[in-house]
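Q: Chain by chain, the residues:
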Amino acid sequence: MSEFILEAKGLVKRFGRVVALDSADFELKAGEILAVIGDNGAGKSTLIKSLSGAMIPDEGEVLLNGERVMFSSPMAARAAGIETVYQNLALSPALSIADNMFMGREIRKQGFMGRVFRTLDKKTMDKLARDKLSELGLMTIQNIRQPVETLSGGQRQGVAVARAAAFGSRVVILDEPTAALGVKESRKVLDLILGLRERGLPVVLISHNMPHVFEVADRIHIHRLGRRAALINPGDYSMSDAVAIMTGAMTAHAVAA
Amino acid sequence: MSEFILEAKGLVKRFGRVVALDSADFELKAGEILAVIGDNGAGKSTLIKSLSGAMIPDEGEVLLNGERVMFSSPMAARAAGIETVYQNLALSPALSIADNMFMGREIRKQGFMGRVFRTLDKKTMDKLARDKLSELGLMTIQNIRQPVETLSGGQRQGVAVARAAAFGSRVVILDEPTAALGVKESRKVLDLILGLRERGLPVVLISHNMPHVFEVADRIHIHRLGRRAALINPGDYSMSDAVAIMTGAMTAHAVAA
Amino acid sequence: MSKTESSTQGYEGGLSAGSADVAQFAPERRTIVKSIQHALHVNPALIPLFILSLSVAGFGIILGDRFFSPFSLTLILQQVAIVGVVAAAQTLVILTKGIDLSVGAIMVLSSVVMGQFTFRYGFPPELAILCGFAVGALCGLINGVLVAVVKLPPFIVTLGMWQIVLASNFLYSRNETIRSQDIQADAPLLQFFGQSLRFGGAVLTFGVIAMVILVAVLTYVLNNTAWGRHVYAVGDDADAAQLAGVRVKRTLISVYVLSGLICALAGWVLIGRIGSVSPTAGQFTNIESITAVVIGGISLFGGRGSILGALFGALIVGVFGLGLRLMGTDPQWTYLMIGVLIIAAVALDQWIRRVST
Amino acid sequence: MSKTESSTQGYEGGLSAGSADVAQFAPERRTIVKSIQHALHVNPALIPLFILSLSVAGFGIILGDRFFSPFSLTLILQQVAIVGVVAAAQTLVILTKGIDLSVGAIMVLSSVVMGQFTFRYGFPPELAILCGFAVGALCGLINGVLVAVVKLPPFIVTLGMWQIVLASNFLYSRNETIRSQDIQADAPLLQFFGQSLRFGGAVLTFGVIAMVILVAVLTYVLNNTAWGRHVYAVGDDADAAQLAGVRVKRTLISVYVLSGLICALAGWVLIGRIGSVSPTAGQFTNIESITAVVIGGISLFGGRGSILGALFGALIVGVFGLGLRLMGTDPQWTYLMIGVLIIAAVALDQWIRRVST
Amino acid sequence: QDNVLACLITKTDTNPFFVKMKEGAEAKAEELGVELRSYAGRIDGDHESQVQAIESCIADNADGILITASDTSSIVSSVQQARDAGILVIALDTPLDPVDAADATFATDNFLAGELIGQWAAATLGAEAENARIAFLNLTPSQPTVDVLRNQGFMSGFGIDLADPNVIGDESDPRIVGHDVTNGNEEGGRTAMENLLQQDPTINVVHTINEPAAAGAYEALRAVGRENDVLIVSVDGGCPGVQNVIDGVIGATSQQYPLQMAALGIEAIANYAADGTLPEPTEGKDFFDTGVQLVTDAPVDGVPSIDTTEGMELCWG
Ligand SMILES: Nc1ncnc2c1ncn2[C@@H]1O[C@H](COP(=O)(O)OP(=O)(O)OP(=O)(O)O)[C@@H](O)[C@H]1O
Ligand SMILES: Nc1ncnc2c1ncn2[C@@H]1O[C@H](COP(=O)(O)OP(=O)(O)OP(=O)(O)O)[C@@H](O)[C@H]1O
Ligand SMILES: OC[C@H]1O[C@](O)(CO)[C@@H](O)[C@@H]1O
Ligand SMILES: [Mg+2]
Ligand SMILES: [Mg+2]
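Protein chains in written order, with this note's numbering: chain U, 61 to 317; chain R, 61 to 317; chain S, 11 to 367; chain D, 11 to 367; chain W, 5 to 321.
So here's chain U without its partners, still in its complex pose:
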């Protein structure tokens, strides 16, 4: 129906006197990696939270495959196949890796115990979690039941990304997944993103790292002062141009689509 998998029109979000989103638009095509860049405080996180049900915009609409949707919670968005890795990770430190991977979509035992006593099927969940992690080749976790707080920053980031990659069936959104990561750890995450595209999954990547963005993105959404200032093709613009648009020094000649 629509050429866009995920689309937003005229999103507005205010926090008291601050207008974080000021009639923002957004479009994501099937199978592409769309980067979102912008200054600190430009409203990038607010934008993707509005897309993923983590926040409800004051105004505007969100469309999935051309149909209006209104996600009232991250659960609802996930049920629709949209997986998000938030800037602050959203892992529960005291719970295990497996618990975290299946948080909010736990698998119950089959048969009587599961139906009546709602018993969780821990074995299956552990197995699936282990499979997903090694399938993505992201790391070698010895003990899938160890608490997330015992992992290093890089490993945690890995779990969060793996969770999104494992369950995302339509869209995967990543908000600054490499901000605190080292060179090696960042590389792994970028490879993972490229791997997702290969599997045909569209990815939204928020990042302040221009080389990363220009390396992987198919298109770049430039956010400024709460709205989309431009939507560009990395092939048509230099990094320098992108930064200039981001800071308002330049306006894009033509905004794609």
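Calculated directly from the structure, the hints in this document are not laboratory data.
The beta-carbon is built from N, C-alpha and C at its ideal position, and this holds for glycine as well.
Any given hint could be a false lead.
Below are the DSBU-like pairs computed for lysine-lysine, each with C-alpha atoms no more than 35 Å apart in a straight line [said to hold, decoys possible]: (1) S:K161 with U:K69; (2) R:K89 with R:K192; (3) S:K161 with U:K244; (4) S:K259 with D:K107; (5) D:K107 with R:K69.
Far from chain U, by Cβ distances over 10 Å, these chain D residues were calculated [unchecked claim]: (6) Y21; (7) D75; (8) L83; (9) K107; (10) K161; (11) A195; (12) F202; (13) S206; (14) L207; (15) G211; (16) V222; (17) I223; (18) V231; (19) F311; (20) A357; (21) L358.
Use these hints to put chains R, S, D and W with the ligands onto chain U, whose structure you have.
A: Okay, now just chains R, S, D and W with the ligands, sitting in the frame of chain U:
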């Protein structure tokens, strides 16, 4: 006496079963920008905390201008002229910018009130804080008494860096000052670092951003598995080599110093 | 600059080889002490269990048969039944990083409602008991909505509710005590939990059995259902849980409502224990339930601990109470000891966490 | 690749121009309501002051002269003097993100020491009073060391200390009450704070004056000395304060010791108020002081609020207490109202913060 | 034969009355070779601690329990358990509700104690008694028997219509300013007095449940300068209380004899343990009356009393 302003020998720091510093050495020359790079969890933050009194190493010694020092608290290090911007900032969100800038080194009123009642000289502190901030050209803060929590991430980073720059008389240490910053904000911080060197102050910069590091550093300390794997001149090695040393794929031919 | 197939950042060539080690681990040379520490760390309810065993053994040695008899040991169970039930409710709330200061008041109000609805309005006791549960659930619901929806701090919400519920209790009951004899004659169901099974000297009241079943069920639910995992996740980091897809508000409200229901159960057990329905009962239940929870190793910062720990905590207090009373010490020494125990238990817990990380 | 003079990251060329705006602010169109909200936000003690004025006015209108007389209004001050003093101690501790459940117990123990050292050992009252202060400080020191050095949660430390101190109090006092008339005859200094100044119908006891002076001094110290700023910084984020160069342990310990000293002062004021020295006094002081602090808008999460707020909080409770009693309502209605007030005050506070950010 | 074991359970161990009672019991126990264990609640009204104490005594195979119950009706089922276990249970000072829930009761005639001070107050006021403004400082919200008996006794002595004599607060006499609870201690006495003074500053008669509460009430009156024109009456007759009568703090007090209650109680347990004999109640009453005398230096016609000199000789504590 010594050619090094700040030096450490054989530092060891354990957290339970994790050895974060494993007999680490460190040397900083006068007037230089020394970058410290390394994987996540390599022990960089632990190293600089041991230098700045925020942590007391289990073994090893720290020398300032060739003399053994033992900082028992950040206060002691600061009294010796070492200012640090920690990875997690160390600002009190509910207190004002001025309060934060002078935290731990408040200025008392002169005369009777100050001596007997220990009254703070708020006017002077406000004025000094405003001067420092604008002197460094870091930002235009309207109200020096506004709580830090009302500032954006970039502005907060700015306050922390300004505090260190303003008070550091011997050494300024910055732990990943640009990790969460946008392109524009990062640039400001790098310029500030270059400005410090111009004023003759040596700077220690921890960063995962190779281009940044290679742009500003005079020498690079490569940290790996809790100790210094190499100390290189950015002119002698490529970024690729540095990364290879960091990950253990290569060893440095000659360690400078 | 344009998009390239591979890395734009040339320096990443350095990544090609290299090991994956990050921090080092000291070689594993576990002494027995270390092994114990590790076991305690992995299963925190073992600490109170350990203290419990130690104190039972200690008093057993000092007092011999007087303490170590089936009668005395089951007496401890009877004495902690109410606190144990309430501590289960308290644990649920504390697991979500909350605290419920209104548990004692809800318990008493529910018991008064069960009694007064039977005797003042002539309801059949079954119905009156249901009404008591409804009142408990309602109080919990108010707490839950104020905490989850209005987003007020649980300490303050339940401090306020404590006063409100307790005052309502006194106003509604008109300070009337319903006498045990009357209940026995007209509505023995109210005293259901006072009945007991006897095996030799051992006396197990139905109240004790109810406590044990409750703890078992809640342990199961917390560990083996999605709801249980969500309770831990909400206490661990509510924002993270929300973003991960947990319905945080719903989970919080359900916890407070369940806490209210359990308090109502405690109210029913209370009638069984003291025989009568008395609006002045349970003045110390709040503090005792918190004491049990704390000694039971449940973190006040949420997300860590188990119902079983709270049960052990309550039992420890019960053991010390009875033991010291049988030794004939001034009761004040018991309170002093409990104070020391609270601090010592938490210090031990802290120490174990620190050493074994 | 080698070091270059200027930026290695070519794309930074784009930075050369461009405005510095980040987020937008909606145009400033402040209505009166908004202005009030803003004022309240900037100075949080205004909220309890506002509630206080409103409730005084309200009861004044309903009750007229009976309430609005110098006598009644100063009676409120007398009734809140002890809670007001203790609430000042409580505020200090809560500002550091702590809580002190032992304040009431420390107060009573100190007063008992003042009395018993005079009457049992024949110390001159001046010295006995000093000993009382020393005991208060010692209790505070233990709390402080356990919190700051052993790093146990304040709630648990002071819960334990509460039991320990209270039990010590009963054990030490041998439950003896010292009669008011004996004190008057032999050591009137102990009743110093019971003396009063009268102006017409107004009665200002020295205890009330002490409370006012204490609040003034602490307000000054918190706002205008480095120590005061450090107290806020420690409560706001202890790790940050430590890294910024605050001696966190020392600050914490000093706060708990000061809290102990203030509780000892409250103990002395208590003797003035009830005339005698009674080990059973002050059973509700803990909860009353916390209530005052909460209604006074001091955040239980530390770092926000003022001593003045706590004073207003105590006064609000006093005004409602007296006002409702004068209206002849059942005293339980007062407790119910206080419960509602606690929740309402915090909800209002939350609302103002939300709207005015 | 084994040692005889007796338990003493008091409401608190801070009220001097119970402190004395404990001392008396200890002395008598020592004399008779009885082993004694004492327990107390944390505050007046702390019912749970008393229940636990009874249970401990059962676990201890005690021969007898002496109890001053905080919650006189709720305690009955625990008492029954003890009796079922073959333990003699004696109520001291405060009768259980119903009285025969205990094997015996050694107590002051609390109604009479109240009646004496009521009569004395009415006679002292004379004609002014018509216009008296009376404040009642009671014990705890649960209205335990002592509280009801003394309160209603006072009213009956003063000439107030009691309505239901088992309930405090259902009277309609306009001279009553109000009732408040004190928990039987000084602080409660002071606050309750202040509260009632606010409702009517012209209060001129104050009934207090016991002498600690009276002392607190006096402080409140002193604070407003009314200590000399208000009549305070009380119950207890402890030495500090009698001293307070001398000092003019209390106008009259009904003296009780706790040492005797305790001694009789211990004796009864010893006898019961020896040969199973049960103590007999006083003729015509459902409890053993340990006696009560009005102590005042301002005697009035028709109300028997002793003066403070004699009161001081008989006082306890
Ligand atoms: N929960 C909130 N309450 C109040 N203000 C908020 C909230 N969340 C975001 N804001 C404000 O909205 C604006 C946009 O924030 P947002 O987090 O979307 O920026 P961003 O583009 O993601 O920045 P960064 O690159 O630093 O992550 C900022 O001014 C921020 O302070
Ligand atoms: N307070 C602490 N308690 C326990 N372990 C710690 C503590 N601080 C650091 N560590 C551990 O010590 C090791 C080194 O940590 P450190 O923070 O120094 O690394 P880093 O090089 O700064 O990493 P990053 O680049 O991610 O900031 C890690 O394994 C970390 O988990
Ligand atoms: O608290 C009430 C109790 O106080 C006494 O009068 C003693 O002071 C007892 O007789 C009574 O039971
Ligand atoms: Mg963001
Ligand atoms: Mg670090």
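Q: Decide, hint by hint, whether the structure agrees.
A: We went through each hint and held it up to the structure:
Between K161 of chain S and K69 of chain U the alpha-carbon distance is near 31 Å, which keeps this suggested pair within the 35 Å criterion. Simply put, K89 of chain R and K192 of chain R have alpha-carbon atoms about 26 Å apart, close enough for the 35 Å limit, and the pair holds. Between K161 of chain S and K244 of chain U, the direct Cα distance comes to roughly 41 Å. Violation of the 35 Å bound is thereby established for this hinted pair. For the given pair, K259 of chain S sits about 25 Å from K107 of chain D by alpha-carbon distance, which is consistent with the 35 Å threshold.
Taking the CA atoms of K107 of chain D and K69 of chain R, the gap is about 39 Å. The hint is violated against a cut of 35 Å. Its beta-carbon lying about 3 Å from the closest one in chain U, Y21 of chain D breaks the requirement of being farther than 10 Å from that chain. Every CB of chain U is more than 10 Å from the CB of D75 of chain D (nearest about 45 Å), matching its label as outside the interface. No beta-carbon of chain U is positioned within 10 Å of the beta-carbon of L83 of chain D; the least distance is around 39 Å.
The claim that K107 of chain D is not at the interface with chain U holds, since no C-beta of that chain comes within 10 Å of its own (minimum 20 Å). Annotated as non-interface, K161 of chain D keeps its C-beta farther than 10 Å from every C-beta of chain U; the closest such distance is 18 Å. No Cβ of chain U approaches the Cβ of A195 of chain D within 10 Å, the least distance being about 62 Å, so the stated non-interface status holds. Every CB of chain U lies more than 10 Å from the CB of F202 of chain D, the least distance being 51 Å, so the non-interface label holds.
The claim that S206 of chain D lies off the interface holds: its Cβ sits roughly 49 Å from the closest Cβ of chain U, which is beyond the 10 Å cut-off. Residue placement check: L207 of chain D keeps its beta carbon more than 10 Å from all beta carbons of chain U (closest about 48 Å). Residue-level check passed: G211 of chain D sits 48 Å from the nearest beta carbon of chain U, beyond 10 Å. The Cβ of V222 of chain D lies farther than 10 Å from every Cβ of chain U, with a closest approach of about 37 Å, so its non-interface assignment holds.
Separation of I223 of chain D from chain U is adequate, the least Cβ-Cβ distance of about 39 Å exceeding the 10 Å criterion. At roughly 33 Å from the closest C-beta of chain U, the C-beta of V231 of chain D stays outside 10 Å, upholding its exclusion from the interface. For F311 of chain D, the condition that its CB be more than 10 Å from all CB atoms of chain U holds, with the nearest at approximately 19 Å. For A357 of chain D, the shortest C-beta to C-beta distance to chain U comes to about 18 Å, beyond the 10 Å cut-off, and the non-interface label holds.
At roughly 17 Å, the least C-beta separation between L358 of chain D and chain U is larger than 10 Å, which holds for a residue marked as non-interface.
Checked against the numbered hints above, the structure breaks hints 3, 5, 6 and satisfies the rest.
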